[in-house]
Structure formats: structure tokens, C-alpha cells
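For reference, the chains in residue letters:
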Amino acid sequence: MAKGNPRIGVFVCDCGLNIAGSVDTEAVKDYAATLPDVVVAVRNKYTCSDPGQAEIRRVIGEHNLNRVVIASCSPRLHEPTFRACVQQAGLNPYLMTMANIREHCSWVTLHDREAATRKAQDIVRVAVAQARWLHPQDEEQLPVTDAALVIGGGVAGIQAALDLADAGHQVYLVEKQPSIGGIMAMLDKTYPTMDCSI
Amino acid sequence: MMDAGRHPRIKLLTYSEVEDVSGYVGNFRVRVRKKARYVDENECTACGECVKVCPIVRPDEFQQGLSTRRAIYIPFPQAVPSAYVVDIEACLGDNPIACGKCIEVCDKKCIDFDMRDEIVELNVGAIIVATGMDLYDPTALDEYGYTRFENVITSLEFERLISAGGPTGGHFIRLTDGQPPRRIGFVQCVGSRTNNPVRGNPYCSNICCMNTIKDSLQLKDHYPDIDITVFYMDIRAFGKGFEDLFMRSKAAGVRYVRGLPGEVVEDPQTRNLRVFVENTTAGRIEEYELDMLVLSIGAIPRGDSELVKQLLTLSRTPDGFFMEAHPKLKPVDATTKGVFLAGCAESPKDVKDSVTQASAAAARAEVLLSKSKIQVEATTAVVDAAKCRQCGRCAEVCPFSAIRWEKKQVAQVITAACAGCGTCAAECPFDAIEMRHFSDQAIYAQIDAALERDPLSTIVTFACNWCSYAGADTAGTGRMEYPPNARIIRTMCSGRVDADFVWYAFQKGAPVVLVSGCHYADCHYINANRNTVRRVDALWEGLEKYGVRPERLQLEWCSAAKGQRWAKIMREVEELRVHVTAEEVERTTEVLREAKVPLSSQVWKLKAPTPALLHCLRCGYEWREDYSAEKARSEERMCAACRSNSVRVFI
Ligand SMILES: Cc1cc2nc3c(=O)[nH]c(=O)nc-3n(C[C@H](O)[C@H](O)[C@H](O)COP(=O)(O)OP(=O)(O)OC[C@H]3O[C@@H](n4cnc5c(N)ncnc54)[C@H](O)[C@@H]3O)c2cc1C
Ligand code: SF4
Ligand code: SF4
Ligand code: SF4
Numbered sequence: 001m002a003k004g005n006p007r008i009g010v011f012v013c014d015c016g017l018n019i020a021g022s023v024d025t026e027a028v029k030d031y032a033a034t035l036p037d038v039v040v041a042v043r044n045k046y047t048c049s050d051p052g053q054a055e056i057r058r059v060i061g062e063h064n065l066n067r068v069v070i071a072s073c074s075p076r077l078h079e080p081t082f083r084a085c086v087q088q089a090g091l092n093p094y095l096m097t098m099a100n101i102r103e104h105c106s107w108v109t110l111h112d113r114e115a116a117t118r119k120a121q122d123i124v125r126v127a128v129a130q131a132r133w134l135h136p137q138d139e140e141q142l143p144v145t146d147a148a149l150v151i152g153g154g155v156a157g158i159q160a161a162l163d164l165a166d167a168g169h170q171v172y173l174v175e176k177q178p179s180i181g182g183i184m185a186m187l188d189k190t191y192p193t194m195d196c197s198i
Numbered sequence: 199m200m201d202a203g204r205h206p207r208i209k210l211l212t213y214s215e216v217e218d219v220s221g222y223v224g225n226f227r228v229r230v231r232k233k234a235r236y237v238d239e240n241e242c243t244a245c246g247e248c249v250k251v252c253p254i255v256r257p258d259e260f261q262q263g264l265s266t267r268r269a270i271y272i273p274f275p276q277a278v279p280s281a282y283v284v285d286i287e288a289c290l291g292d293n294p295i296a297c298g299k300c301i302e303v304c305d306k307k308c309i310d311f312d313m314r315d316e317i318v319e320l321n322v323g324a325i326i327v328a329t330g331m332d333l334y335d336p337t338a339l340d341e342y343g344y345t346r347f348e349n350v351i352t353s354l355e356f357e358r359l360i361s362a363g364g365p366t367g368g369h370f371i372r373l374t375d376g377q378p379p380r381r382i383g384f385v386q387c388v389g390s391r392t393n394n395p396v397r398g399n400p401y402c403s404n405i406c407c408m409n410t411i412k413d414s415l416q417l418k419d420h421y422p423d424i425d426i427t428v429f430y431m432d433i434r435a436f437g438k439g440f441e442d443l444f445m446r447s448k449a450a451g452v453r454y455v456r457g458l459p460g461e462v463v464e465d466p467q468t469r470n471l472r473v474f475v476e477n478t479t480a481g482r483i484e485e486y487e488l489d490m491l492v493l494s495i496g497a498i499p500r501g502d503s504e505l506v507k508q509l510l511t512l513s514r515t516p517d518g519f520f521m522e523a524h525p526k527l528k529p530v531d532a533t534t535k536g537v538f539l540a541g542c543a544e545s546p547k548d549v550k551d552s553v554t555q556a557s558a559a560a561a562r563a564e565v566l567l568s569k570s571k572i573q574v575e576a577t578t579a580v581v582d583a584a585k586c587r588q589c590g591r592c593a594e595v596c597p598f599s600a601i602r603w604e605k606k607q608v609a610q611v612i613t614a615a616c617a618g619c620g621t622c623a624a625e626c627p628f629d630a631i632e633m634r635h636f637s638d639q640a641i642y643a644q645i646d647a648a649l650e651r652d653p654l655s656t657i658v659t660f661a662c663n664w665c666s667y668a669g670a671d672t673a674g675t676g677r678m679e680y681p682p683n684a685r686i687i688r689t690m691c692s693g694r695v696d697a698d699f700v701w702y703a704f705q706k707g708a709p710v711v712l713v714s715g716c717h718y719a720d721c722h723y724i725n726a727n728r729n730t731v732r733r734v735d736a737l738w739e740g741l742e743k744y745g746v747r748p749e750r751l752q753l754e755w756c757s758a759a760k761g762q763r764w765a766k767i768m769r770e771v772e773e774l775r776v777h778v779t780a781e782e783v784e785r786t787t788e789v790l791r792e793a794k795v796p797l798s799s800q801v802w803k804l805k806a807p808t809p810a811l812l813h814c815l816r817c818g819y820e821w822r823e824d825y826s827a828e829k830a831r832s833e834e835r836m837c838a839a840c841r842s843n844s845v846r847v848f849i
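Listed in order, the protein sequences are those of chains U and H.
So in my numbering, spot 118 of the first sequence is number 118, and the numbers just go up one at a time.
So in my numbering, spot 228 of the second sequence is number 426, and the numbers just go up one at a time.
The following block holds chain U by itself, in its conformation from the complex:
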């Protein structure tokens, strides 16, 4: 666990009307503030925008946050964005998690504001619970052997081998047959230019 008790900040996004259109984001924010270990909850119109991200960084500093929950869209879309954002504020990127209240909530519960709001609150609660158990993680560094293996010496394998070799890398081209060439070597002329293939 990061130093000391969890100090969680929750950032609830309106996403214009994408979320705020069917979810009462103010109520979600207020609810989030009541959850254990949450020290601050903030609502923002566009959390992913530059001002939105600046706000996250400011609040992290101001409240000395060590966990961040961003209640907005799918992590499949913006996890890299917000990881980078909290990192800029000096937090390990793995201490951030997202609550997907757009794709999984506001966009699929369009006509029942109460249910949508309730669901969004639940989603935030689940994310906050997860955040409490997040740990800083170090991405491991691995060395790279500067050489490539190309399996198959048809036109594709030959082209890939040439490109890599021209870029300065050692290439091993393994071909099953006694000669490289593949199917193209058997062709007489090739479309669309009708020129000879070897």
C-alpha cells in the first residue's frame, strides 16, 4: 500500500450531456464523498480535457491524494490518458482506477434517471473499493536482443527481412524449401501491372 492510509479522490465527469444527460452527476459526486477513505469528490464537465486534467493534478496536490478514481468513460478508451495524468502529479499510474459510468451506465439507461444515478453511484462505490487495494507498480525493464527472425521466404518474408536489414538490424531468414521465393516465384506475370514476378 502507498504510504499511509488511502486518501482517495473521486472525479465525476459530466462528459457534456453524455453522462449528465441521464445521470445526476451531482448526486453521484455527493454520494462518492460519503464513501470510506474518500477525502474529496469533484465534478467536472470534461475530465479528459486539458483543464479537466489540470484540475485532477491540482486536487491531488491540494489534498495529498494517494488514490484516484475517475468516474467517466471506459478504461479501454482513457486509461492511458489518466494514468499519464496522475503520473504527472507525482502519483504512481497504477494508483488510478476508472469507474465506467458512461458506456456501462448513462448510455444504456437512457430513460430512468433514478436507476441510472443509482447504478452510477454503485459503480463508483465498486471502483473506490478497488482503489483502496491498489498498490504502486513498477513497470519492469527488459533488455532487447537486436536481431530478428523471419520465418518464411516468400515475397512477404523477403520484404520484411530487407526492410529490417536496411534499418541496420541483423536478420535470420528461415525458409523450408531449398530456395526462397514462395508462390510468387512460380507466377509468370502478376496483376495489376502485368510485369514479371521474379
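Keep in mind the hints are simulated off the structure, nothing from the lab.
Hints should not be assumed to be uniformly reliable.
[What the hints assert, rightly or not] The calculated lysine to any residue pairs, modelled on SDA-like cross-linking and capped at a C-alpha distance of 25 Å, are:
hint, chain 1, residue 1, chain 2, residue 2
1, H, K760, H, E241
2, H, K571, U, N92
3, H, K299, H, E241
4, U, K176, H, M199
5, H, K743, H, L654
6, H, K547, U, N64
7, U, K45, H, M678
8, H, K585, U, W133
Here the structure of chain U is known, so what remains is to put chain H with the ligands in place on it, guided by the hints.
For chain H with the ligands alone, kept in the frame of chain U given last:
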């Protein structure tokens, strides 16, 4: 070709096969067997003296068997390396009594019968798979008469017959009488675009329409008066310059008939062919008399794809070609980190597309190779040595062979090879494996939180990052409304879902638990979701034993593109949920509390490896088979019936 042979930084290993690959992204170790050629490829000048004395005659593979070669041969004149090779199976041997004639005539003394296979060990950072394709064998399509009638040939045989380097020196003639054909036909989609597994594959082979158009123009060049008919379903001329070529072919007088022949018969005297076809545009049965018929054969995955797949832990799409990491956004990355795909190995395509993809793959590999160090996402598995009881189960289920384990030794995760699916963590009976980031504690905390407010109306849902979670995203993007009761807990793979998580959720009062993941054959972690099936099977039995209705645990597959399907699943589980009463939930929590589940080992006692539910990619037939890790690795996803009907040859 020549450039590749001459390049100072390219080492050609021809007549060679990759035998073993170990390691991981940036650090692969590869063992290659370089088969003995019995001719020193550096010394041989390709003078061809040896061929003149070799007494053994064999069909020439390069010429599609349309001419012959000797036991010592060069595949084709421009071969790279430009060196002869001895077909040792056919050769009589170097014993002077038996033969050894070639040794006598070789001035350079480069023929060496003592040569042995060589094993070459390579260290590489990236691997590009460019193994190409095989072609459909049309013998099974009896109505076209291939192999029964000599004047019915394949499109590849056509290439050899019209080539100046071919068996006839470029004179395009009939095989039966050596005469130039006056009337010729082409049949399209042979072995392609059919749902009948005996007759080929469902997909379009991409190259054959354009190839036939090219062939027709080449023929018109050779014989301006030749009469050409093309029998087709659709002509697919979608690429740059393609439609233009098609128009030229039509303008040159080539006849395009919409309809595939139903029957071909040979006149035994003239060896001419009578072709019967339903012209679907004209709406009548027509008959054509032709001198020759060319079958436009489709592309099929290579016979040894399964082997290459296993060596590199790749995946294959249902069509049998190698699968990309993402069909739109990572089209040249393979599912294994550090491996890239190029050319027809990934899907049938023409030269331009093969070259384009090859350059893309090279660029992707370059991104990796040009760094001295790479970073890996910190979502990998970690073994707690103090808890590990050395059972080896984790190593057995890891789809990436990322766990090193020997009898009586603590398991060890090779972090760089670990893809972070979490299958091992779910499997370990002693909870000795923790996932970084997607930790057990975090998941238990999420289950608790999901059930905190109104458990009776909550569906605890596990969704895998790549498919079902993404499918739920797609449902959102498409604004597909569904009941708001599911609370999703994201895991990287459904294989991460420990049986304990499910027990725990029921113990805490969940009316319904849904485990969801990628389709059985599309797991992003090769086949980790096979373990999901096995665990859910075991759970169902366990639930029954404790008097809990097994329906309350649901397992569903949903792909990233299927928003509609996700919405439907949501409606279905909600329908289940409304029928679970508070009393029922209470009874369950009580029973489970008394029984002191969850306890991983208990789940195992309930059911050791259980039969897995398999389903055939071709016909959809489902069957059960005993699960074993070995099988999981060498799986063929076709049922026995489809396999025996299958035209694909597995070497
Ligand atoms: C009849 C016909 C006509 C065509 N006409 C045209 C045309 O006019 N224009 C056009 O653009 N395209 C045409 N094509 C398509 C063209 O041939 C392909 O696009 C091209 O050959 C694909 O190249 P490739 O390198 O991906 O595969 P391949 O040419 O199949 O080469 C693969 C190579 O890998 C080797 N290999 C396979 N497995 C292994 C292994 N395990 N270890 C080591 N080596 C291995 C094989 O021996 C082979 O040399 C035609 C195809 C056919 C069949
Ligand atoms: S490219 Fe043309 S001939 Fe080939 S399978 Fe597709 S439609 Fe049929
Ligand atoms: S499954 Fe668990 S106990 Fe068994 S070897 Fe792996 S880490 Fe050790
Ligand atoms: S099973 Fe998955 S998480 Fe475990 S070591 Fe293998 S790849 Fe990593």
C-alpha cells in the same frame, strides 16, 4: 530475391525449419534445423553437370509435376541460393556400385554425402511469421473432373504453362495433344465461398478473380483469337487499378458468365470438355465446348500452421489463418508479444498487400528492436514462495508457458513472458499466486462493494477486458438499453475468475453471478478461457451439492463487436434474477457459511480436471472431452466428422 541473398545483414537459412522457440518478447531463443543439402551451397556454381549424369527421374514440384527433374536438382534457375540439392530419398547413394555419378563430374567437388543436418541456435528480439498459404486441392470437387480429365488444370498449373521458364518454354498448349487451345474456360471460387466443408472454405480467397482477369489478358496476348469464358459468382475487382483491368479484359472480348458449372464431361476422342452451366443472368442452362478448363483454386491455411502456432503460442481465426492482436488497430501484431504477421500467413492476399503488410510488420518489429530496453505493463503474476506447495498446477494451465516449475520446486513466473491473464492465480489451490494490479483483495473488495446497497437486485458480473467488457462498451456506444442491475468487475481474462470469487459472491448474498468472456475460440490469452469453462463446470456441480440452483451462476461469451448480444445477455440474467427470492438467497448464504466455502482446495476435491465443453468451429457441434493441459495446447477446434471431411491436410 537476389537482394535478400546478397544483403550483408541477412543470413539465409534455406532448407531449414524452426524446431523450437523459447523465451519472450525481446529475448527469444530459437533452434533451427538446417537440413543437409549434400551440396556445399557456397561452392556450387550451378553449372548443372551433375544433372546430366543423374539417372533418377522425379516429378518437378516447382513445375507442378508438369515436367521432371533429377534426384540432384535446383528448384528453378533463379533460385536463391543458387545451388543444387540432393533429394536424398530418391538418390541411389554415393556407393560407387549403386551410383555416385554426380560426385565424379563435379569439378568443384562440392557434393558431399557425409553432410549431416545442422542445428543452429539463434537469439532474436522479434519474430516475423511470413509462412504464406497453401492452395486448395480441387480433386474433391468431382464434377469439375480435375485429375480425371487431363485438360482440366489449376490456376497455378496455368502459371507454369504460360511461363517462359515453364515446362513448355512458354508455349501455352493443351497437355493431351500439344496444340494451342482455341476455346478455354475459367471456373472461379473453386474451394472458396462455400458453407459445405467438403467443397472448401466459407471465405473469399481474395486473389483468384484478379488472377483470372490477368490470365485472360495474358492469353489474349499470346493468342488474339482465343475464345475465353469465365464462369463466376461475383467478380471482385475492388483494388487500385483492378476495375480497369477487368474492363480491359471485357473489351478484349472475354465472355463472363454468371454461374458455376454443374458438370464437366470429356469427349474421349477429342479430349475436349463439355461444360454445363446455369447462366443465372440469362436464367437458362447453357452448354460450352472447350479445349481446356482452368480452376481458380482458393487459398487455404498452410498444413503446418498448427505446428507454427504451437511453437510461437499464436492463435488462429476460425478460417485457420493466424490471428492478429486486434483486427483494426493491431493488424500485424500477433497475439504473442514480439511476434508479427506478414503476408498470406495472416489471410489470403495479393503481392501488393503482402508487401505492404511485410513493411508494416518490419516497422512494428523495428519499434521493438531499436530500443535497448522495453517496458512491460505491470499486471503480471507473482508467486508467494512461502505459500507455494509446489503442485505445478499453475505451470500446467499457463497458456504462455510463463511459469517455470519442476517437481518439488517453488513455481517461478517469467515476468517477461507472462501476459497477465491471471489463469494461474485462479488455479492455484493454495492462493500462492497474486496478480499485480488485479489482486485478489481488490476483487473481493469489489464483490463486497457491489453487494453493499441492495444485494437482492444486484447481478455480480465478471467481464473480461478484451471481449465481454468491450462488448458492454459497444452496447453503450450503440445506446442499447438494458436493465440496470449488473455490476461489472473487470478482469483481464475470464480465466482470472477464481472459483472462490463466485463462492464468495453467493456467500455474500448475490442472487445471480455472471461470468463472461471471449468466445471459446477467440480467447485473447490463447485458450485460457478453457479453464473458465472447467471451473464453471466444477462450480455448477458444487452448487448443486450445496442445494443451490446452478442456474444462478451463468457463463456467457460475448465478443467486443457484439453490443446487441451483451444487451440480450443482460436481459436474460435479469429475467433469472427476478425469480430469485430473498429466502432463497438467505438459505444459500447460510449453507455456504456453514460449509466454510470458499476454500480453493475444496473446489478441487469436488472435481479434479473435468471434461471441457468443446465446440466445432465448422459445424457448431458440441461435445465433451477430458481436459488436460497437453490437449489445451494442441487443440484442433474441429469435430472428428468435420476433420475427416476436411480438405485441409494436417501434416
Ligand atoms: C495461382 C496464383 C496466382 C497469383 N497471381 C497473383 C498476381 O498476379 N498478382 C498478385 O499480386 N498476387 C498473385 N498471387 C498471390 C501471391 O502469390 C501471394 O500474394 C504471395 O505469394 C504471398 O506471399 P507470402 O510471402 O505471404 O507467401 P508465400 O508465397 O506462400 O511464401 C511463404 C514461404 O514461406 C515458406 N514457409 C512456409 N512455412 C514455413 C515454415 N514453417 N518454416 C520455414 N519456411 C516456411 C514457404 O516455403 C514459402 O517459401 C497469386 C497466387 C496464386 C496462387
Ligand atoms: S476472389 Fe473471386 S474467385 Fe476468389 S474466392 Fe473471391 S470471389 Fe471467388
Ligand atoms: S499452483 Fe500454486 S502451489 Fe502449485 S506450484 Fe503454482 S504457485 Fe505453487
Ligand atoms: S497463467 Fe497468465 S498470469 Fe499466470 S503466468 Fe501465465 S500468462 Fe501470466
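Problem set entry | Non-conforming hints, listed in increasing numerical order | 1, 6
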